[in-house]
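Colleague: Line order of the protein sequences matches chains A and B.
Numbering follows the numbering used here, in which position 28 of the first sequence is assigned residue number 28; successive positions increment by one, without gaps.
Numbering follows the numbering used here, in which position 239 of the second sequence is assigned residue number 239; successive positions increment by one, without gaps.
Heads up, a few of these hints could be off.
Simulated DEER-style distance windows between Cβ atoms [as the list claims (entries may be wrong)]: (1) Thr-13(B) with Leu-100(A): 58 to 68 Å; (2) Pro-227(B) with Leu-275(A): 39 to 49 Å; (3) Leu-277(A) with Asp-167(B): 32 to 42 Å.
Quick caveat, the hints were computed from the structure, so don't treat them as lab data.
Please read these numbers as outputs of a predicted model, since none were measured by experiment.
A virtual CB, placed ideally from N, CA and C, is assigned to each residue, including glycine.
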Amino acid sequence: MSSRERNEATMDLVTSRKDAAPPAGAPSDGAATAPPDPRVRRRGVPRLVLNLIAVAIGLGVWALLAARGVHDLPGPVAVGRRASQLLGDGTLEGDIAASLRRVLVGFLLGTALAVVVGFLMGWYPVARGLFEPYIQFFRTVPPLALIPLAVVLLGIGETPKIFVIFMAAFLSSVVATFQGVLDVDRTLIDAARVLGAKDRTVFLKVVIPASAPFILVGMRIGLGAAWSTLVAAELIAAQEGLGFRMQHAETYYDLDTIFVGLITIGVLGLVMDRLLLLAERRLTGWQERR
Amino acid sequence: MTHKISFRDAVRTYPVKNGTFTALGGVTLDIEEREFVTVVGPSGCGKSTLLGMAAGLVEPSAGEVSVDGRPVTGPGPDRGVIFQQYALFPWLTVRRNVEFGLRLTSMPARERRARADHAIELVGLSDFADALPKTLSGGMKQRCAIARAYAVDPEVLLMDEPFGALDALTRVQLQDRLLDTWAKERRTVLFVTHDVEEAVYLAQRVVVMAARPGRVHTVIDVDLPYPRTEEIRLSADFAALRNQVWHSVYHQAPANADA
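Please build the complete structure, drawing on both the sequences and the hints.
Modeller: See the structure below:
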């Protein structure tokens with residue numbers, strides 16, 4: 001009798017575990033039992049291995065296309081050789097440093113301002129009314145279209161390049177931050193207020209952490225925008241930089257160098273995105289994921 | 001003698017497309033110190049609005065709401081609020097959630113920790129003090145929210161359908177726990193629910209509200225002894241009271257005839 005009861009109890013546990021695996025809504029409440037384990041073990045081949053296989057296949061297809069077929073397309077070996085040449089004489093390092101500096105400065109300034117403006121817009125209706133027309137207006141103007149203006153107003157130094165990247169990063173991430181502040185659960189703010197929190201504390205201790213996930217998404221979008229603006233920004237009378245090097249190579253029909261530039265930009269962008277993703281995991285791991 | 005919580009012709013209206021919607025149309029109600037009062041009524045009767053006014057989260061459009069004889073001007077740590085949706089800060093552990101209100105004071109860290117641990121123990125979450133809310137079940141989340149309210153030691157507990165989202169078994173367990181704590185510490189409790197049985201089981205007085213406009217329909221005294229036990233829950237007296245409350249909730253005269 002009692003053993004049968006126990007059996008039924010274990011059966012219940014087993015089924016409820018199974019039920020908990022897919023997003024089956026709120027976990028059923030077992031009062032004092034252990035919390036349901038939200039993590040389900042991954043199945044099959046680890047993702048990194050799949051990623052590496054994909055890269056290997058890509059390189060293979062590329063080599064094949066270059067070897068037989070596509071006219072003038074350099075193969076991975078030729079591009080690799082060119083890359084080591086450029087690395088050897090310091091050109092690639094210099095270009096990377098120059099481009100990275102522009103992207104980082106533009107991205108950091110852009111997203112920092114986006115966070116401030118987004119918070120102001122989300123928190124103060126007045127600020128929202130004042131900023132919104134400009135944000136909406138500039139969002140429909142591609143940042144690249146600002147280049148002529150930037151050159152006329154800011155000259156041909158570093159400033160216009162960084163400005164264009166900054167605008168791209170700012171405009172693409174400000175909306176996410178703004179939305180994040182708007183979406184903060186009203187009840188959380190009430191909960192803080194009934195515990196005695198004043199506006200300042202509510203803002204620092206509730207609004208900022210609650211909108212962190214949105215901010216980080218905004219930063220990732222902003223980073224993508226910054227990289228995608230880079231090459232065009234380096235059209236502005238640059239002496240070095242990955243975008244400049246590619247345009248320079250274009251005039252000499254130097255496809256190898258163009259490929260080196262493309263791949264370097266891709267890899268750098270990917271690495272920075274992964275770093276942000278890592279930060280996101282650490283900062284917003286508290287989220288209940290669906 | 002001043003009442004602990006006092007509503008005087010409290011009205012709350014909201015502007016809508018054409019005109020105003022009256023959520024609460026003139027409620028007068030007094031709740032005494034250490035009293036346990038439940039409010040029950042059909043949806044739209046303004047019971048949550050009533051509670052929000054006592055909490056200081058909803059401003060009355062007319063009339064007055066006072067606590068300890070002083071008009072309510074905003075929320076404050078003297079009135080703890082428990083929300084139906086728990087409202088835990090998901091980025092904080094159970095302990096940090098419970099400490100939230102204490103960190104807003106100048107309390108030394110050691111005392112803060114002791115107070116928080118005591119509140120956590122009271123709701124039986126000691127083993128989960130360092131867990132994040134996402135790992136807790138609904139009942140545990142609500143217990144954490146209750147501990148967070150207890151920690152700042154409010155004189156009044158305002159509970160807005162706190163057990164509404166929980167399954168029946170958990171609800172009964174949390175009701176008993178709540179009554180235990182109330183018997184020990186005797187805070188004034190205003191408890192809003194849509195569950196007639198819950199309203200009768202917990203309260204000394206059940207306030208039945210009516211909708212359109214939201215108003216007090218009847219107040220029913222519950223002359224059942226504490227501690228409330230399963231025996232009481234299954235008794236004929238309890239059933240009679242539950243039926244009485246049920247009838248006044250579900251068979252209310254239409255609003256117009258009532259006025």
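Colleague: Looking back at the numbered hints, which does the structure fail to meet, lowest number first?
Modeller: Hint 2 alone not satisfied by this model.
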